[in-house]
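Protein chains in written order, with my numbering: chain A, 43 to 187; chain B, 86 to 544.
I should point out that these hints are in silico values taken from the structure, not numbers from a laboratory.
Hints should not be assumed to be uniformly reliable.
Simulated pairs of lysine-lysine, DSS-like, Cα-Cα distance not exceeding 27 Å [said to hold, decoys possible]:
#, chain 1, residue 1, chain 2, residue 2
1, A, Lys140, A, Lys92
2, A, Lys92, A, Lys127
3, A, Lys136, A, Lys186
4, B, Lys306, A, Lys49
5, A, Lys80, A, Lys127
6, B, Lys200, B, Lys95
7, A, Lys92, A, Lys80
8, B, Lys244, A, Lys49
9, B, Lys244, B, Lys170
10, B, Lys306, B, Lys317
11, B, Lys458, B, Lys306
12, B, Lys458, B, Lys95
13, B, Lys200, A, Lys136
14, A, Lys140, A, Lys127
15, B, Lys245, B, Lys89
16, B, Lys200, A, Lys140
17, B, Lys200, A, Lys92
18, A, Lys92, A, Lys186
19, A, Lys127, A, Lys186
20, A, Lys49, B, Lys245
21, B, Lys306, A, Lys161
22, B, Lys170, B, Lys242
23, B, Lys89, B, Lys200
24, B, Lys306, B, Lys242
25, A, Lys49, B, Lys317
26, B, Lys95, B, Lys170
27, B, Lys242, A, Lys49
Here are the in silico distance ranges between beta carbons for each label pair [what the hints assert, rightly or not]:
#, chain 1, residue 1, chain 2, residue 2, range
28, A, Asn177, B, Lys89, 54 to 64 Å
29, A, Gln85, B, Leu171, 27 to 37 Å
30, A, Gln85, B, Tyr346, 21 to 31 Å
31, A, Arg150, B, Leu479, 23 to 33 Å
32, B, Leu206, A, Asn177, 24 to 34 Å
33, B, Leu110, A, Ile147, 18 to 28 Å
34, A, Ile147, B, Ile494, 23 to 33 Å
35, A, Asn180, B, Tyr268, 19 to 29 Å
36, B, Phe234, A, Leu129, 47 to 57 Å
37, B, Leu191, A, Asn54, 49 to 59 Å
It should be emphasised that the depicted structure is a prediction, and the values quoted were computed from it without experimental measurement.
All residues carry an ideal CB built from backbone N, CA and C; glycine is no exception.
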Amino acid sequence: MNGAFTKSMARNIFYGGTVFFFLLFLALSFDTHQQLPKRDMRQTVASDPKVVAGKKIWETRNCVGCHTLLGEGAYFAPELSNVIKRLGSEEAVKDFIKLRPETGIPGRRSMPQFNLTDKELDDVVAFLRYVNTINAANWPPNIKG
Amino acid sequence: MQYKSQAVAKPYFIAAIGLFVGQILFGLILGTQYLIGDFLFPAIPFNIARMVHTNLLIVWLLFGFMGAAYYLIPEESENELFSPKLALVMFWIFLVAGALTIVGYLALPYATLAKLTGNDLLETMGREFLEQPLPTKVGIVIVALAFLFNITMTVLKGKKTVISLILLLGLWGLAVFFLFSFYNPGNLVVDKFFWWWTVHLWVEGVWELIMAAILAFVLIKVTGIDREVIEKWLYVIVTLALITGIVGTGHHYYWIGTPEYWQWWGSIFSALEPIPFFAMTIFAFNMVNRRRRDHPNRAAVLWALGTGVMAFLGAGVWGFLHTLAPVNFYTHGSQITAAHGHMAFYGAYVMINLTIISYAMPILRGRAANDNKSQVVEMWAFWLMTVSIVFITLFLTAAGILQVWLQRISDTPMDFMVVQSQIAPFYWMRLVTGVIFLVGLVVYLASFFVGGGKEERAA
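One chain only, chain A, in its complex shape:
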């Protein structure tokens, strides 16, 4: 940091570099949004109101506070983007949610009993089914999540 490299040079590189790379990021983001319709299954979101309703159940029960979804969330409980496949059927997923004991399982990690109605269970499963169809570059690596 000697005399040849002045503060005003440093300042110009900062503003120039930041603007350039932010614009690059915006351009990439724009391109991504051009490509997303082929990957994100938005037609399912648009055509099946259960998916959006299920996402709301997912959010208002704070599921992401224990589970991951496409790898994002907490690491206390299993990944759920492929849970229907893992448990074998949509019914199995609903049964699992329904049968959680109110006071937990002694000594074990337990999922709360959310007392979801049959409609709410349908919604959650529709949401999870949709998530599993998103093209996520072959993640998760295997059925275990």
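For this one, chain A is given, so just place chain B on it according to the hints.
Relative to chain A, chain B alone:
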């Protein structure tokens, strides 16, 4: 204290430390729940405790940043704060809103809280780190705007230093990118895409500006090095942070439904993200080695050096460990991520806050530095907490490597919960280390109350 209005920083720092204690207590609950699954269940399920843990962290860091700004902006601007009264009003609003939010999390089922607070009007809740009810989110925006107005006006009517400008840029960026927390489309991919515009562009973008500016301020004060030199370094560091960090957002776009080219952009740019943190380490050591004065507050110097090293290790090295797409394919969403998160947040943002608090609090209490006894206790706290977080990170990393192997790489992959019980010994060691961290924090609190503070009266 050169300007009377700097005193408004004090309640901000005190609140920050208080919430920090809460964060750590909930961290210990979580660490226990990892081992004794039904601990406190169903009163405080894991997801609720985690939300309290992470939200308290975010809120106390924000309190710290605001306190730092209220302390250093008047001094940099050579001017009293535009409105100390506004700063105090905002303090109470933010504290009460924060406290009510935490009480809401703990007292009500989350779905009920969502219903009562208008989540049906605008659905923003239930996404990681952005779990706050709508009124809290709106409150954060109001407090942030009032705060930014206050410090921006102070800078405008006074001297405009590089430190002030970078800090302002960071804080304005913080407010602007928070606005993406209000956007939550039904399309999960788009939701996740913009969720990162708040989360990543905060912690790997504008927060680095705030951190670097605070570090530069403290280094000028404790080393007496020429401002020109420090400010040049500051520009270089924030340049490196943003040119790597912005496109580095791509390392979150590998597996959420976004195009595969992000695996290249994300890997290359985020592999460079350790560089600004390395520069900060070199910067801190260089300035301290070439210091022109021996500041009586040796504890603050220790925190300043420590934050450089730990941010580089936690954010830089531990980030790099799993940032390349072919590695991240296996480590994504595992305990490796948790390991990185703990050391990065502690090293960068907890420690920079403790640095400015360590430097400013004695002055706010009417002395240049605490007496020797108090500083020795504070330095004990530094080492206890820092060494604890290093070991917490190492244990979580070991747990993560085993988890990835058993669950995702092995020829006979095991179920998630089976793996969790296999790696439980590491969770035990993490929990014990977490208790030592709490001991360090108690020692830290004690450092404010020991010693008479008589030896180093402010000039």
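Status of each hint after checking the structure:
no.: 1; hint: A:Lys140 to A:Lys92; result: holds (18 Å)
no.: 2; hint: A:Lys92 to A:Lys127; result: holds (19 Å)
no.: 3; hint: A:Lys136 to A:Lys186; result: holds (19 Å)
no.: 4; hint: B:Lys306 to A:Lys49; result: holds (20 Å)
no.: 5; hint: A:Lys80 to A:Lys127; result: holds (23 Å)
no.: 6; hint: B:Lys200 to B:Lys95; result: violated (36 Å)
no.: 7; hint: A:Lys92 to A:Lys80; result: holds (21 Å)
no.: 8; hint: B:Lys244 to A:Lys49; result: holds (17 Å)
no.: 9; hint: B:Lys244 to B:Lys170; result: holds (22 Å)
no.: 10; hint: B:Lys306 to B:Lys317; result: holds (16 Å)
no.: 11; hint: B:Lys458 to B:Lys306; result: holds (22 Å)
no.: 12; hint: B:Lys458 to B:Lys95; result: holds (22 Å)
no.: 13; hint: B:Lys200 to A:Lys136; result: holds (24 Å)
no.: 14; hint: A:Lys140 to A:Lys127; result: holds (18 Å)
no.: 15; hint: B:Lys245 to B:Lys89; result: holds (19 Å)
no.: 16; hint: B:Lys200 to A:Lys140; result: holds (22 Å)
no.: 17; hint: B:Lys200 to A:Lys92; result: holds (19 Å)
no.: 18; hint: A:Lys92 to A:Lys186; result: holds (26 Å)
no.: 19; hint: A:Lys127 to A:Lys186; result: holds (10 Å)
no.: 20; hint: A:Lys49 to B:Lys245; result: holds (15 Å)
no.: 21; hint: B:Lys306 to A:Lys161; result: violated (63 Å)
no.: 22; hint: B:Lys170 to B:Lys242; result: holds (18 Å)
no.: 23; hint: B:Lys89 to B:Lys200; result: violated (44 Å)
no.: 24; hint: B:Lys306 to B:Lys242; result: holds (23 Å)
no.: 25; hint: A:Lys49 to B:Lys317; result: holds (5 Å)
no.: 26; hint: B:Lys95 to B:Lys170; result: holds (14 Å)
no.: 27; hint: B:Lys242 to A:Lys49; result: holds (23 Å)
no.: 28; hint: A:Asn177 to B:Lys89: 54 to 64 Å; result: holds (60 Å)
no.: 29; hint: A:Gln85 to B:Leu171: 27 to 37 Å; result: violated (50 Å)
no.: 30; hint: A:Gln85 to B:Tyr346: 21 to 31 Å; result: holds (23 Å)
no.: 31; hint: A:Arg150 to B:Leu479: 23 to 33 Å; result: holds (27 Å)
no.: 32; hint: B:Leu206 to A:Asn177: 24 to 34 Å; result: holds (33 Å)
no.: 33; hint: B:Leu110 to A:Ile147: 18 to 28 Å; result: holds (25 Å)
no.: 34; hint: A:Ile147 to B:Ile494: 23 to 33 Å; result: holds (29 Å)
no.: 35; hint: A:Asn180 to B:Tyr268: 19 to 29 Å; result: holds (28 Å)
no.: 36; hint: B:Phe234 to A:Leu129: 47 to 57 Å; result: holds (53 Å)
no.: 37; hint: B:Leu191 to A:Asn54: 49 to 59 Å; result: holds (50 Å)
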